[in-house]
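Going line by line, the protein sequences match chains A and B. Per this note's numbering, residue 13 is the first one in the first sequence, and the count goes up by one each step. Per this note's numbering, residue 13 is the first one in the second sequence, and the count goes up by one each step.
Just so you know, the hints here were simulated from the structure itself, not pulled from any lab data. One should not assume that every hint holds.
What the hints assert, rightly or not - Residues from chain A shown here face chain B by an in silico Cβ test under 10 Å; the list is partial: (1) L45; (2) H76; (3) V179; (4) Q244; (5) T258.
What the hints assert, rightly or not - Okay, the calculated bits of chain B under chain A, using three or more residues with CB under 8 Å as the criterion: (6) 40–50; (7) 67–74; (8) 82–91; (9) 152–158; (10) 166–173.
Even for Gly, the Cβ is constructed at its ideal location relative to N, Cα and C.
Spelled out, the chains give:
2 protein chains.
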Amino acid sequence: MSIAAASPVIILVRPQMAENIGMAARAMANFGLAELRLVAPRDGWPPADEGPKGMTQAAAGATHVLDALAVFDRLEDAVGDLNYLFATTARERGQAKPVHLPQEGMALAAGRVASGQRVGILFGPERTGLENDEIALADSVLTFPVDPAFSSLNLAQAVLLVSYAWVNARGAVAAPFSLPHNTGPARRETLLSFFAFLDDALERAGFFQGARAPVMRRNFRNIIHRMEPTEQDIRTLRGALVALITGGRGNNRGGDAVSRSGEEG
Amino acid sequence: MSIAAASPVIILVRPQMAENIGMAARAMANFGLAELRLVAPRDGWPPADEGPKGMTQAAAGATHVLDALAVFDRLEDAVGDLNYLFATTARERGQAKPVHLPQEGMALAAGRVASGQRVGILFGPERTGLENDEIALADSVLTFPVDPAFSSLNLAQAVLLVSYAWVNARGAVAAPFSLPHNTGPARRETLLSFFAFLDDALERAGFFQGARAPVMRRNFRNIIHRMEPTEQDIRTLRGALVALITGGRGNNRGGDAVSRSGEEG
Numbered sequence: 013m014s015i016a017a018a019s020p021v022i023i024l025v026r027p028q029m030a031e032n033i034g035m036a037a038r039a040m041a042n043f044g045l046a047e048l049r050l051v052a053p054r055d056g057w058p059p060a061d062e063g064p065k066g067m068t069q070a071a072a073g074a075t076h077v078l079d080a081l082a083v084f085d086r087l088e089d090a091v092g093d094l095n096y097l098f099a100t101t102a103r104e105r106g107q108a109k110p111v112h113l114p115q116e117g118m119a120l121a122a123g124r125v126a127s128g129q130r131v132g133i134l135f136g137p138e139r140t141g142l143e144n145d146e147i148a149l150a151d152s153v154l155t156f157p158v159d160p161a162f163s164s165l166n167l168a169q170a171v172l173l174v175s176y177a178w179v180n181a182r183g184a185v186a187a188p189f190s191l192p193h194n195t196g197p198a199r200r201e202t203l204l205s206f207f208a209f210l211d212d213a214l215e216r217a218g219f220f221q222g223a224r225a226p227v228m229r230r231n232f233r234n235i236i237h238r239m240e241p242t243e244q245d246i247r248t249l250r251g252a253l254v255a256l257i258t259g260g261r262g263n264n265r266g267g268d269a270v271s272r273s274g275e276e277g
Numbered sequence: 013m014s015i016a017a018a019s020p021v022i023i024l025v026r027p028q029m030a031e032n033i034g035m036a037a038r039a040m041a042n043f044g045l046a047e048l049r050l051v052a053p054r055d056g057w058p059p060a061d062e063g064p065k066g067m068t069q070a071a072a073g074a075t076h077v078l079d080a081l082a083v084f085d086r087l088e089d090a091v092g093d094l095n096y097l098f099a100t101t102a103r104e105r106g107q108a109k110p111v112h113l114p115q116e117g118m119a120l121a122a123g124r125v126a127s128g129q130r131v132g133i134l135f136g137p138e139r140t141g142l143e144n145d146e147i148a149l150a151d152s153v154l155t156f157p158v159d160p161a162f163s164s165l166n167l168a169q170a171v172l173l174v175s176y177a178w179v180n181a182r183g184a185v186a187a188p189f190s191l192p193h194n195t196g197p198a199r200r201e202t203l204l205s206f207f208a209f210l211d212d213a214l215e216r217a218g219f220f221q222g223a224r225a226p227v228m229r230r231n232f233r234n235i236i237h238r239m240e241p242t243e244q245d246i247r248t249l250r251g252a253l254v255a256l257i258t259g260g261r262g263n264n265r266g267g268d269a270v271s272r273s274g275e276e277g
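Could you build the full structure based on these sequences and the hints that come with them?
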């Protein structure tokens, strides 16, 4: 099964604004969806409005989605090859169908897609949404947990949420990056050596006085632990402290450590 | 604590397009976020571009967010009252910070907000994203599980995903509507009576013949059960079948049942 066949088909029914078609294509591409269908776009096909806010500009490079897009005159023709259909609606439409939020709906879709079914998701026109007869063609309704006081979602925003929920439901969710690999937590011996250095330096500076000295030492240790410092962090801190203690006159290696630490960022 | 104080603050750093400010306000309003701050918007304040694609039109009625918006010259001034800051980035920026996806990040935010902390989320300019020195002011990085081959999220789309993740993390997620209340599952006696009617009608029509008749009866029962029919569904089906059997000449009450069922949708 190709990647396209293994993801839901996004179907925009009578979309009005070319810019929203482009933004929807961009949102799909952000989350790996590839198959877009249009039913009777208001301004014909290809859309006349290709000015600065036109479809292609709004797609921001998601040309593979626009190039593969299919246009149909009738909704029935756009869904003929699909096994399961969701209809997105913003409000109660009085139809006796199961109602899903994006995450549970896309979990259901993922199960069907995994068993070889083709799933489609219908989105209505910007101002009016899907007509009741169009909703009646779907197996279930997909809606969004919007604030009831402000429930009007932009068309491309709705496509984005469904695409995002799809990626989450598919279970292949990973951040595209994480903490840099060279910054694991410092070894304990590095920390313990740093604590000893700190205790000694503060003792010499007359900082620890009276009965609270042990508490203050513990506080310093806890502050450092909460930073979850790396080896490099400890080298940086130690170098900075050496520079402060010596006023820049003393330990050149300390100064070197500080400037080396700057390279990490 | 007011609702605004109990939700994260969205901070757009050097936003370039007034339309994106409006779309971001709309996305926030969709999911109940109310507090928007701008740092040094490119076109000044208020934005000059208030034509057909301007900020107010793009906000599509989220005027309460725009009216309450605050503008700052410097990022430092925009975040002074906040306890915890996320920086959104699309790609690895080489900074030694925890990296969160929207859902885990907003779960973390929900815990902090619940304990009375104020949380902010930084979004960079459209073309370039946040600068490294701006990211360094944040406690952690928030990123999106985008397709690495097409990772460029629109600014307002990024605000939408974070707002949606916030609503999900807050645990107050509910569809704004569900199946209509008057459509609970049919009572068993209604189903059993319908099965008897169906068996009888098909028997009279000579449909059940040979050894497979028991299997076919069972298949009909299973088809009906899979529909999860309501009382009204069964009345509708029975009326339609009566009409078909009598060719419209017979049982007027059956015809009435069909037309009554149309009122439900």
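To see whether the hints hold, each was checked on the structure:
no.: 1; hint: L45; verdict: 9 Å, holds
no.: 2; hint: H76; verdict: 8 Å, holds
no.: 3; hint: V179; verdict: 6 Å, holds
no.: 4; hint: Q244; verdict: 8 Å, holds
no.: 5; hint: T258; verdict: 27 Å, violated
no.: 6; hint: 40–50; verdict: holds (count 4)
no.: 7; hint: 67–74; verdict: holds (count 3)
no.: 8; hint: 82–91; verdict: violated (count 0)
no.: 9; hint: 152–158; verdict: holds (count 4)
no.: 10; hint: 166–173; verdict: holds (count 5)
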